[in-house]
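Trainee: Residue numbers (my numbering): 1 to 322.
Among the clues, some could well be false.
In silico DSBU-like links for lysine-lysine, alpha-carbon gap of 30 angstroms or less [stated by the list, open to error]:
no.	residue 1	residue 2
1	K123	K150
2	K301	K194
3	K150	K211
4	K194	K211
5	K319	K123
6	K194	K234
7	K319	K150
8	K126	K152
9	K239	K126
10	K301	K70
11	K319	K126
12	K123	K152
13	K70	K126
14	K152	K211
15	K211	K123
16	K234	K301
17	K239	K304
18	K70	K234
19	K304	K70
20	K301	K319
21	K304	K319
22	K319	K194
23	K152	K319
24	K126	K150
25	K234	K304
26	K211	K126
27	K194	K152
28	K239	K194
29	K211	K304
30	K70	K123
Bear in mind the hints are in silico, worked out from the structure with no lab data behind them.
Values in this document were obtained by computation on a predicted structure and should not be read as measured data.
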Amino acid sequence: MNISSNKVIDCLLGVAVGDALGVPYEFKSTSEMLAHRATGMTEYGTHYQPIGTWSDDSSLTFCLAASLAKEYDLLDIARHFIRWKNESYWTATGYVFDIGITTQHAIQQLEEIISCNDLESLKNLKNYASEYDNGNGSLMRILPLLFYIKDKSLEEQFGFIWDVSSLTHKHIRAAMSCFIYLKLAEHVLNGAAKEAAYEHMRADVIELWEKINFEQSERHHFRRIISNPILETKREDLKSGGYVIEALEASLWCFMHESDYASVVLSVVNLGHDTDTTGAIAGGLAGLYYGANSIPEDWVKVIKRLDAIVALGTQLGDKLIS
Numbered sequence: 001m002n003i004s005s006n007k008v009i010d011c012l013l014g015v016a017v018g019d020a021l022g023v024p025y026e027f028k029s030t031s032e033m034l035a036h037r038a039t040g041m042t043e044y045g046t047h048y049q050p051i052g053t054w055s056d057d058s059s060l061t062f063c064l065a066a067s068l069a070k071e072y073d074l075l076d077i078a079r080h081f082i083r084w085k086n087e088s089y090w091t092a093t094g095y096v097f098d099i100g101i102t103t104q105h106a107i108q109q110l111e112e113i114i115s116c117n118d119l120e121s122l123k124n125l126k127n128y129a130s131e132y133d134n135g136n137g138s139l140m141r142i143l144p145l146l147f148y149i150k151d152k153s154l155e156e157q158f159g160f161i162w163d164v165s166s167l168t169h170k171h172i173r174a175a176m177s178c179f180i181y182l183k184l185a186e187h188v189l190n191g192a193a194k195e196a197a198y199e200h201m202r203a204d205v206i207e208l209w210e211k212i213n214f215e216q217s218e219r220h221h222f223r224r225i226i227s228n229p230i231l232e233t234k235r236e237d238l239k240s241g242g243y244v245i246e247a248l249e250a251s252l253w254c255f256m257h258e259s260d261y262a263s264v265v266l267s268v269v270n271l272g273h274d275t276d277t278t279g280a281i282a283g284g285l286a287g288l289y290y291g292a293n294s295i296p297e298d299w300v301k302v303i304k305r306l307d308a309i310v311a312l313g314t315q316l317g318d319k320l321i322s
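Produce the complete structure using the sequences and hints provided.
Mentor: Here's what the structure looks like:
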């Protein structure tokens, strides 16, 4: 499909199409997907949604993009998330479905913080992290932040990432997963081939770990991504559930192993489980790498609010891409 594109549009459409591809299959097991593989866009399924409907993954991605198109303001990002939950802002069909439990509770907390005018607490959310803050709900929506943090120092990048992640997912592990994802995306944005981008990302992550004294107990969770390249992992050893490490590993594996947008998102969706989220995460990277016009036309033309997504990508691109 001939879309007048920029790199932001590539990302946003990549997220939305991967998300919509996965929505009908969410919660299906790997064995179920092996028996009835996804081959393209379909309707109904798990959430009984029309074809081309994207979920909270894309909604919160678009909320972040819409806020960043004005300026970087943590309070404004939080308000966009609240509007989504309460007013169905940036939804595909006018109402919210499939909101994660952690995300729902976190946004309720944001409402309380803002109502009490306790705005300094937004910067300190990370201080209240728990192991339960390691779902994939910040990773799924983080990609637009790339265009604000690109070319900043590693420590600055991680600081912004942790602040934005903490609005819903406070733990450093969730934030580090976002950092890994965005560093790979940054090298792709700068024109590196996949393998080179991955190696640059690994070097950046190791450098950051040393600079911030990242605990060995946390580094262990990323061993299959950083210590042993994900390419060496067997597909049957991947998981694709709601845990942030699982979603990151599955998405990176499929992105690195496949050779076009459609193959990347079909590969990750056919792992089953949290299919809309892994579709969105892998799809964002694949969209950035291969471009929006590489996405099958019959998939793109059914995406809900396509014109609005393209307009948002244009707006953010005009703001942050020089």
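Trainee: Each hint should be assessed against the structure and marked as holding or not.
Mentor: Going through the hints against the structure:
1. Proximity of K123 to K150 is assessed by CA-CA distance (about 21 angstroms); at most 30 angstroms being required, the pair is judged to hold.
2. Distance hint between K301 and K194 is fulfilled; the C-alpha atoms sit about 28 angstroms from each other, no more than 30 angstroms.
3. Straight-line distance between C-alpha atoms of K150 and K211 comes to about 19 angstroms, which keeps the hinted pair within the 30 angstroms bound.
4. Distance restraint check for K194 and K211: the Cα-Cα separation of roughly 26 angstroms lies within the 30 angstroms cut-off, and the hinted pair is therefore satisfied.
5. Distance hint between K319 and K123 is fulfilled; the C-alpha atoms sit about 24 angstroms from each other, no more than 30 angstroms.
6. Proximity of K194 to K234 is assessed by CA-CA distance (about 19 angstroms); at most 30 angstroms being required, the pair is judged to hold.
7. As the CA atoms of K319 and K150 are separated by approximately 13 angstroms, the hinted pair is consistent with the 30 angstroms bound.
8. Our distance criterion of 30 angstroms between C-alpha atoms is met by K126 and K152, whose separation comes to about 21 angstroms.
9. Note on K239 and K126: the hinted pairing holds, with a Cα-Cα distance of about 27 angstroms set against a maximum of 30 angstroms.
10. Distance check on the hinted pair: K301 and K70 sit about 28 angstroms apart at the alpha-carbon level, within 30 angstroms; holds.
11. Note on K319 and K126: the hinted pairing holds, with a Cα-Cα distance of about 28 angstroms set against a maximum of 30 angstroms.
12. Between the alpha carbons of K123 and K152 the distance comes to roughly 19 angstroms, so the proposed pair stays at or under 30 angstroms and holds.
13. Between the alpha carbons of K70 and K126 the distance comes to roughly 25 angstroms, so the proposed pair stays at or under 30 angstroms and holds.
14. Simply put, K152 and K211 have alpha-carbon atoms about 15 angstroms apart, close enough for the 30 angstroms limit, and the pair holds.
15. Of the pairs offered as hints, the one joining K211 and K123 holds, with about 21 angstroms between alpha carbons and a cut-off of 30 angstroms not exceeded.
16. A hinted pair counts as satisfied when its Cα atoms are at most 30 angstroms apart, and K234 with K301 does not qualify at roughly 34 angstroms.
17. For the given pair, K239 sits about 29 angstroms from K304 by alpha-carbon distance, which is consistent with the 30 angstroms threshold.
18. At roughly 43 angstroms between alpha-carbon atoms, K70 and K234 are farther apart than 30 angstroms, so this suggested pair is violated.
19. Taking the CA atoms of K304 and K70, the gap is near 24 angstroms; set against the 30 angstroms cutoff, the hint holds.
20. Restraint check: the Cα-Cα separation between K301 and K319 comes to about 26 angstroms, which is no more than 30 angstroms; the hinted pair holds.
21. Using a Cα cut-off of 30 angstroms, the hinted pair K304 and K319 holds, with the two alpha carbons roughly 24 angstroms apart.
22. The hinted pair formed by K319 and K194 meets the criterion: a straight-line CA distance of about 27 angstroms does not exceed 30 angstroms.
23. Pair hint K152 plus K319 holds up; C-alpha atoms about 17 angstroms apart against a cutoff of 30 angstroms.
24. Using a Cα cut-off of 30 angstroms, the hinted pair K126 and K150 holds, with the two alpha carbons roughly 22 angstroms apart.
25. Distance hint between K234 and K304 is unfulfilled; the C-alpha atoms sit about 35 angstroms from each other, more than 30 angstroms.
26. Simply put, K211 and K126 have alpha-carbon atoms about 19 angstroms apart, close enough for the 30 angstroms limit, and the pair holds.
27. Distance check on the hinted pair: K194 and K152 sit about 21 angstroms apart at the alpha-carbon level, within 30 angstroms; holds.
28. Under the criterion of a C-alpha separation no larger than 30 angstroms, the hint pairing K239 with K194 is consistent with the structure, at around 22 angstroms.
29. Distance hint between K211 and K304 is unfulfilled; the C-alpha atoms sit about 43 angstroms from each other, more than 30 angstroms.
30. For the suggested pair K70 and K123, the alpha carbons sit about 20 angstroms apart, so the restraint of at most 30 angstroms is met.
When held up to the earlier numbered hints, the structure conflicts with 16, 18, 25 and 29 and fits the remainder.
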